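Undergrad: Sequence lines, in order, name chains S and P.
Per my numbering: the first sequence = residues 4 to 545.
Per my numbering: the second sequence = residues 320 to 473.
For the record, the hints were derived by calculation from the structure and aren't laboratory data.
Note that the structure is predicted; figures quoted are calculated from it, not measured.
Treat the hints loosely; a few may be bogus.
Stated by the list, open to error - Now the stretches of chain P that chain S is said to cover, found in silico as 3 or more residues with beta-carbon under 8 Å:
1) 406–417
2) 422–430
3) 452–465
Where a beta carbon is used, it is the ideal one built from N, C-alpha and C, also for glycine.
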Amino acid sequence: VRRLGIGARYALYFSVPVLVVVVLALLAAGLVAWRQAKAFRQEIDGVVLAARSADAETALRGTAVYLGNRLFNDLHRVDVERLDEEISKAKAWLHVKSFLVTDAKGTVLTDGTDGKSRFGEALSGALPREATPAGVLLVPRGDETEVRFVIRSGEIVAGFGVVTIAEAPWQHSLRRLDARTRDIWDGYRASLLSLGGVGLLLALLVGLVASGILSRSLARPLMEMSHAAREIAGGNLDYRVDPEGAEEVRDLANALNGMARDLRSHERALQAERADLARKNAELERFNHTVSHDLRSPLTTIRVFAGLLEKSFAARDEERFRSDLLRVLSASDRMRELLEDLLRLSRAGRVVDRASEVELAQVARDAVELLRGRLDERGVRVEIADGLPRVRGDRHRLIDVFQNLVENAAKFTVGQAEPRIEIGAVTDARGLVVFVRDNGRGIERQHQDKVFDLFEKLDPGREGTGVGLALVKRIVEAHGGRVWVESEGEGRGATFCLTLLLAGGGGPAGSAQPGGAVAAAGASAIDRPERPRPPGLPVPPA
Amino acid sequence: MQQFRVASQVAVRPFEVLLVEDDQDHAELVRRCLQEHLPAAGLHHVSDGQQALDYLHRRGSFADPARSPRPDLVLLDLRLPRVDGLTVLRQIKEPPELRNVPVVVLTTSDAIPDVTAAYRAYVNSYLVKPMDFARFDALIRQIGLYWVGRNQHP
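Okay, chain S solo, but in the shape it has when bound (with noise of 0.2 Å):
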């Protein structure tokens, strides 16, 4: 049965139990049918058989009594001739087997033949007797008929005639109504059974109907669905079903659809989380790849010079050894350096409160504050925006930012007249974009993604060990926000841009794509004319 498929076998299901009905109620019917044409056919039997015996019972009765006054001068008169005489001419106009005439006691004097065969014998039986009405009796025998009649006349009995007749005339015409009533009866029974077949053929139509409209309203699209769900479990999760059908097939179908569609996205969720694994793993490598080579460069240097230092000291060489010594010493700085700035980037990582609310100038202020000798030292000014939100985020690690972003500034300032930084804001599409720009030397396009990265600096020459702008990203990153760098070119000055998230609402910071508008300032706008200039954006410092 499970090799017919669902279509074909719902159809078996369903129109069996049709089928046995139909035959079962056709059964009933018959019977029924059969039963009541046999009670009406007996009634008519009844009614006929009735009704005809009484009309041929009185003409019997009626001749059995014409005959027993023709016969009693006769009998009377013993005149067996003319009895017979009498016999032969009855015999012409009645049909009888047998015509016996008795004396009053019952013994047979003639039966009306020439032989006398039956002559004195003593006839059996009931008589008829006076109290007989009009003196004749009906013996029934088989399918003979005795009649049994007085021949008197007045109060004088001379004797008694019995008749056998073949068959009751009215046995006959019953026969040919039972003949009928038998022919109507298979005719009946024909169109009944002819019914049934009809019935049984009409119930198999109905059963191959719902075959088709159930293979086609539940089969199909359950067929469609074990497809649909067995390409979803080999991995095509983007496979929908078309809910059609029943309204719990449709359901079914918007089911399969709906968890397709969730495995899709929870695929996408892990995929993007073994992505963002993956990636994380990478940059665990890469910074350990990192961190090790170059806590390796200095210490090779303080190795290596050490042992200059002995050759040179050998060589009582002190103007070298002097030299060495402070290669030497400046490497050991360097790596203390590298270490603490290591310590201070783990840390970044862990942002204490990054929902509290502070105001923005305040973290920027404090920041330059921080700085202020250094940047004093070099006449860096610095111009902090009016107007600056407030913002969410840890206070201490925004002014880890700003310190970084204001030191990183100031050092490609170096060397320019009147080094000037900006720290602003503006509000777009991508939410809040706070920015830190200089007139610095700016960043050629192909290492604006470099800056970010651990240990990258741009200028050997310079101070630094490259973890500053990799601690910015990581805190950041931290609060949900991008940093990126524009800038076009050499000579041309750097904005850092970052996203943050203002106080009291807006959605994730997050969402802010790099690359957007806070350097489409001034020169910018020959370069690329399709970035429209954000509205109150401070022109950069020439």
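Since the structure of chain S is provided, determine the placement of chain P on it from the hints.
TA: For chain P alone, kept in the frame of chain S given last:
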């Protein structure tokens, strides 16, 4: 003093070394060791990958062939500012014009991915900077011996 003889023989034709090294101390070290063992060799030092490529392609401040001769050997550090060492290596080995310049990576990293990546980029030799003077000195001496004394170069 066999080695010295070999070195002086070679020195008939000047031997030019391009040192790509961002760590000034390490550069000084290489310079001192080379001066001692290969006094005839010309040493040209650049501090980052971009400068190395500019030197090799004679761009910008390296346009003068007299001051920036084609090197017979490139000593390349891997971790470099701006353009890293592997990129420099690929830029030397991929286009045909610089392919036959021997490149020796001289770095602090002994990480297998770095070694593999360098060989994938057709490096000629990969050497790790030793962490004491005697071995550092010996290494530079052996570089001179091999690349100047033994190795036939184009």
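Undergrad: For a quick check of understanding: which of the numbered hints are violated here, in increasing order?
TA: Hint 1 alone not satisfied by this model.
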